[in-house]
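Asker: Using the sequences and the accompanying hints, generate a full structural model.
Number of protein chains: 2
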Amino acid sequence: MPIEMFDLAGADPEVRFSPFCWRIRMAMAHKGLDVRTVPWRFVEKQAISESGQGAVPVILDKGRVLHDSWAIALYLEEAYPDRPKLFSGTQARGLSNILRFWTQTALHPVILKTIINDLFAAIAPGDKAYFRSSREARFGMPLEKFAFSPESGAAVLEKALGPFRAALDSQDFACGSKPAFGDYIVFGAFMWARAVSPIELLDRQDPVYEWRERMLDLHAGLGRNAKLAHGLTV
Amino acid sequence: MPIEMFDLAGADPEVRFSPFCWRIRMAMAHKGLDVRTVPWRFVEKQAISESGQGAVPVILDKGRVLHDSWAIALYLEEAYPDRPKLFSGTQARGLSNILRFWTQTALHPVILKTIINDLFAAIAPGDKAYFRSSREARFGMPLEKFAFSPESGAAVLEKALGPFRAALDSQDFACGSKPAFGDYIVFGAFMWARAVSPIELLDRQDPVYEWRERMLDLHAGLGRNAKLAHGLTV
Numbered sequence: 031m032p033i034e035m036f037d038l039a040g041a042d043p044e045v046r047f048s049p050f051c052w053r054i055r056m057a058m059a060h061k062g063l064d065v066r067t068v069p070w071r072f073v074e075k076q077a078i079s080e081s082g083q084g085a086v087p088v089i090l091d092k093g094r095v096l097h098d099s100w101a102i103a104l105y106l107e108e109a110y111p112d113r114p115k116l117f118s119g120t121q122a123r124g125l126s127n128i129l130r131f132w133t134q135t136a137l138h139p140v141i142l143k144t145i146i147n148d149l150f151a152a153i154a155p156g157d158k159a160y161f162r163s164s165r166e167a168r169f170g171m172p173l174e175k176f177a178f179s180p181e182s183g184a185a186v187l188e189k190a191l192g193p194f195r196a197a198l199d200s201q202d203f204a205c206g207s208k209p210a211f212g213d214y215i216v217f218g219a220f221m222w223a224r225a226v227s228p229i230e231l232l233d234r235q236d237p238v239y240e241w242r243e244r245m246l247d248l249h250a251g252l253g254r255n256a257k258l259a260h261g262l263t264v
Numbered sequence: 031m032p033i034e035m036f037d038l039a040g041a042d043p044e045v046r047f048s049p050f051c052w053r054i055r056m057a058m059a060h061k062g063l064d065v066r067t068v069p070w071r072f073v074e075k076q077a078i079s080e081s082g083q084g085a086v087p088v089i090l091d092k093g094r095v096l097h098d099s100w101a102i103a104l105y106l107e108e109a110y111p112d113r114p115k116l117f118s119g120t121q122a123r124g125l126s127n128i129l130r131f132w133t134q135t136a137l138h139p140v141i142l143k144t145i146i147n148d149l150f151a152a153i154a155p156g157d158k159a160y161f162r163s164s165r166e167a168r169f170g171m172p173l174e175k176f177a178f179s180p181e182s183g184a185a186v187l188e189k190a191l192g193p194f195r196a197a198l199d200s201q202d203f204a205c206g207s208k209p210a211f212g213d214y215i216v217f218g219a220f221m222w223a224r225a226v227s228p229i230e231l232l233d234r235q236d237p238v239y240e241w242r243e244r245m246l247d248l249h250a251g252l253g254r255n256a257k258l259a260h261g262l263t264v
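Respectively, the protein sequence lines represent chains A and B. Converting from the first sequence to this note's numbering requires adding 30 to each position, the first position being numbered 1. Converting from the second sequence to this note's numbering requires adding 30 to each position, the first position being numbered 1.
If you are wondering where the hints come from, they were derived from the structure by calculation, not from laboratory data. All values derive from a computational prediction rather than experimental measurement. Among the hints, erroneous ones may be present.
[Said to hold, decoys possible] Under the rule of at most 30 Å between Cα atoms (straight-line distance), these lysine-lysine pairs were calculated in the DSSO-like manner:
1. A:K115 x B:K208
2. A:K143 x A:K115
3. B:K189 x A:K175
4. B:K115 x A:K61
5. A:K143 x A:K92
6. A:K75 x A:K143
7. B:K189 x A:K189
Answerer: Right, dumping it as structure tokens:
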């Protein structure tokens with residue numbers, strides 16, 4: 031029986047854009063686990079109320095309900111120990127945890143500011159009022175004022191990616207010679223942007239661009255073949 | 031025969047403050063390796079010319095001369111495979127490499143700006159002209175103008191440490207339940223400050239303060255017992 035996963039969807043239910051859900055989609059593909067995703071919208075709190083909170087990813091597996099992408103990754107690692115590892119051990123897990131918070135503080139806010147207009151355009155009509163009011167309360171300003179221009183966003187992101195880019199000088203992936211959960215954490219941020227926005231965040235000469243290309247190809251092109259709200263098939 | 035290590039020293043030759051040298055001191059202690067440190071000053075380029083460059087740490091081991099703290103760590107891991115590991119494997123090494131560049135971009139500049147006056151006071155008289163001219167060329171301004179106030183420095187550092195602090199919420203060390211090279215990378219930055227400056231960079235309530243306390247106690251208190259330029263024995 032496949033794992034069931036509530037996955038944030040746009041106006042087009044095939045468009046999936048949550049960076050946290052993308053971590054888990056990649057993690058399940060990494061482990062070769064069957065998954066059935068259920069499109070979920072921001073306002074559908076009732077559908078995931080069993081998880082005790084209101085955000086996705088939420089997974090149902092073997093009668094358990096789990097939420098929070100980090101907790102889900104730890105669960106998958108423990109529940110499927112015979113499958114390829116998301117973390118090579120406790121040291122890699124500890125270091126991935128730092129990378130997680132770095133991604134969420136250094137990358138997520140910049141990417142969100144850069145894609146916010148496209149993101150707002152891509153979400154389901156029924157989500158728009160909720161999204162606008164909750165985000166405007168969080169940002170303390172209208173979405174339109176919060177937004178970076180594409181050029182500013184790309185420039186700020188280029189600088190923010192410094193430590194990650196520098197490491198790619200001597201390794202193909204965040205996790206060394208092979209991708210693992212650390213890579214999926216960073217990649218989730220880029221899939222968030224890719225799914226909803228045609229803005230090119232990375233210069234083609236950037237080693238991070240090349241890394242992202244490698245990531246897009248993984249697991250039979252799971253990322254590359256994802257449906258995009260803006261209809262591009264780049 | 032002990033490994034010989036050229037170690038940046040202050041006016042007091044017992045005061046050792048290089049963040050990069052501290053990584054290696056801790057790494058050698060971690061592996062239980064004997065080391066004989068040689069106090070070295072910025073202007074003593076000739077003494078390490080065999081390394082082909084002008085910065086420490088430089089180590090001499092088994093007839094080899096090695097430089098660059100990351101390269102030295104990789105060397106120690108390979109040359110002493112039967113000793114406790116600095117990296118549990120390639121994944122931990124890859125993630126530690128990202129942590130290294132994060133430390134150097136997010137922490138080092140802030141700490142340097144905060145301690146620069148104390149650092150300048152602590153270095154050897156023969157190093158002062160070189161240090162001032164090389165650093166003022168790099169910063170594009172006089173040292174005194176470059177400096178943060180202690181309060182500003184601590185405030186900026188508190189914010190910069192965000193991702194590291196957040197991870198400490200669920201683990202005792204950067205590398206999980208036990209310290210390893212990733213921890214020594216971050217700890218080196220704090221030993222740099224501690225050796226030369228009485229400025230308290232961390233609030234005692236900060237989980238990073240508690241982590242630093244644990245690090246100071248490691249390897250028979252190698253960090254805690256280090257000589258301080260300002261004569262404190264905290």
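Asker: For a quick check of understanding: which of the numbered hints are violated here, in increasing order?
Answerer: 2 and 5
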